[in-house]
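Asker: Below, each chain spelled out in residue letters.
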Amino acid sequence: MKFFIEGEKSKAICDHCKELANTTFKVRNVPISDGAGTVKGLLVSVCDKCDKIVAFPHQSSIKIKEFREQQTLNSIEARIPFHFSDILYTACTTINSSVPTSSLGPSVFRYYVHHLSKDRRRFKKLHKYMESDLFKGNSNNRFSIKLNESIMKDFNWLKEETKLSKSNLLKSIILLINDDINNKKYPKNIEKLKDLSILI
Amino acid sequence: MSKFKAVKSEVVNCLREGRFQHEFRESIDTKNMLSTGEISVDDVIKLILKTKGFQYESSPHHMVSGIDVHILKPDNWYIKFYFVEPDVMFISVHKN
Numbered sequence: 001m002k003f004f005i006e007g008e009k010s011k012a013i014c015d016h017c018k019e020l021a022n023t024t025f026k027v028r029n030v031p032i033s034d035g036a037g038t039v040k041g042l043l044v045s046v047c048d049k050c051d052k053i054v055a056f057p058h059q060s061s062i063k064i065k066e067f068r069e070q071q072t073l074n075s076i077e078a079r080i081p082f083h084f085s086d087i088l089y090t091a092c093t094t095i096n097s098s099v100p101t102s103s104l105g106p107s108v109f110r111y112y113v114h115h116l117s118k119d120r121r122r123f124k125k126l127h128k129y130m131e132s133d134l135f136k137g138n139s140n141n142r143f144s145i146k147l148n149e150s151i152m153k154d155f156n157w158l159k160e161e162t163k164l165s166k167s168n169l170l171k172s173i174i175l176l177i178n179d180d181i182n183n184k185k186y187p188k189n190i191e192k193l194k195d196l197s198i199l200i
Numbered sequence: 001m002s003k004f005k006a007v008k009s010e011v012v013n014c015l016r017e018g019r020f021q022h023e024f025r026e027s028i029d030t031k032n033m034l035s036t037g038e039i040s041v042d043d044v045i046k047l048i049l050k051t052k053g054f055q056y057e058s059s060p061h062h063m064v065s066g067i068d069v070h071i072l073k074p075d076n077w078y079i080k081f082y083f084v085e086p087d088v089m090f091i092s093v094h095k096n
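In the order they appear, the protein sequences are chains A and B. Under the numbering used here, the first residue of the first sequence is numbered 1, with each subsequent residue one higher. Under the numbering used here, the first residue of the second sequence is numbered 1, with each subsequent residue one higher.
No wet-lab data here; the hints were simulated from the structure. Please note: incorrect hints may appear among the correct ones.
[As the list claims (entries may be wrong)] Ranges of calculated distance between the beta carbons of each label pair, as one might list FRET restraints:
| id | chain 1 | residue 1 | chain 2 | residue 2 | range |
| --- | --- | --- | --- | --- | --- |
| 1 | B | N76 | A | E149 | 16 to 24 Å |
| 2 | B | K52 | A | F3 | 27 to 35 Å |
| 3 | A | K26 | B | N13 | 26 to 34 Å |
| 4 | B | V12 | A | T38 | 32 to 40 Å |
| 5 | A | S103 | B | I45 | 33 to 41 Å |
| 6 | A | W157 | B | N76 | 22 to 30 Å |
| 7 | A | F82 | B | K46 | 45 to 53 Å |
[Unchecked claim] Residues on chain B that point at chain A, a partial pick, calculated with CB under 10 Å:
| id | residue |
| --- | --- |
| 8 | G18 |
| 9 | R19 |
| 10 | E23 |
| 11 | S35 |
| 12 | G37 |
| 13 | V41 |
[Claimed, not checked] The list that follows gives simulated cross-link-like pairs (lysine-lysine, BS3-like), each with its CA atoms no further than 27 Å apart:
| id | chain 1 | residue 1 | chain 2 | residue 2 |
| --- | --- | --- | --- | --- |
| 14 | A | K124 | A | K146 |
| 15 | A | K2 | B | K8 |
| 16 | A | K52 | A | K18 |
| 17 | B | K3 | A | K2 |
| 18 | A | K63 | A | K146 |
| 19 | A | K2 | B | K5 |
| 20 | A | K2 | B | K46 |
| 21 | B | K80 | A | K49 |
| 22 | B | K80 | B | K50 |
| 23 | A | K26 | B | K80 |
| 24 | A | K166 | A | K124 |
| 25 | A | K40 | A | K63 |
| 26 | B | K5 | A | K11 |
| 27 | B | K80 | A | K9 |
| 28 | A | K2 | A | K26 |
| 29 | B | K31 | A | K11 |
| 30 | B | K31 | A | K26 |
| 31 | B | K95 | A | K65 |
| 32 | B | K80 | A | K63 |
| 33 | A | K65 | B | K31 |
| 34 | A | K146 | A | K118 |
| 35 | B | K8 | A | K11 |
| 36 | A | K18 | B | K80 |
| 37 | A | K52 | B | K31 |
| 38 | A | K9 | A | K40 |
| 39 | A | K166 | A | K118 |
| 40 | B | K80 | A | K11 |
Owing to the predicted nature of the structure, the values given are computational and were not obtained by experimental measurement. Here a beta-carbon is modelled for each residue, glycine too, at the ideal position from N, C-alpha and C.
With the sequences and hints as input, model every part of the structure.
Answerer: This is how it looks when you write it as structure tokens:
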């Protein structure tokens, strides 16, 4: 893939000057036509004559895509017993104690939502956690997590397939994480998450 | 080689080599789904390669008559672009 460089020269038809214009790649903040907002710090091709943006290289599309996805992030919220966040945080420390649990926890949860949606054999085990002593407790603690469109689809699919309520599904997933990671019953995922955690 | 085949070959080469940009007017146009990452480069290449001659048209650019604007309409897609050597500039990539 070719990468255009800030300051590099190019050409494009300028809608303002109504001619084939010489252009220079510059970094600008750029609005999106659907009103989603302004993408900051985008490499664009600017007309040398009128200083208006006339084009942008494809390398800027990745930032545009990410920006639009951030605007459509969905969050799930539920009240669950306090000890569930301790279970998730303990799993994070088991995976990689050098990464802040506040960053790793949501990623581990998202990984499991996706992992379970792809593994029919494993998601069927979620029901058994409703019989566990750890499932009990007053649901006084607010649990909130942001999911992108794809993971939200996975979560809704799991909800539909398991027939569990939102909070019961959250609790069951966290107890599966407890078994897999804290009780080391599924070392394959510990290794995978260790590798992924260095990216956080 | 016919004009259609030459255009098709050149635009695919540009896409494969990353020599392409997206036209901008006032704001990022969400109708250009390649520019917003809603369709991948590989998928656009596949659409272009399956375009038949009767699904192609071209006409001079309304502001710069020396530059041809090319339109491909494979399946239900609409792909509009022009060449500015050595790159290609995409105007639209969207479903009809």
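Asker: If you check each hint against the structure, which ones fail?
Answerer: When the structure is compared with the hints, none of them turns out to be violated.
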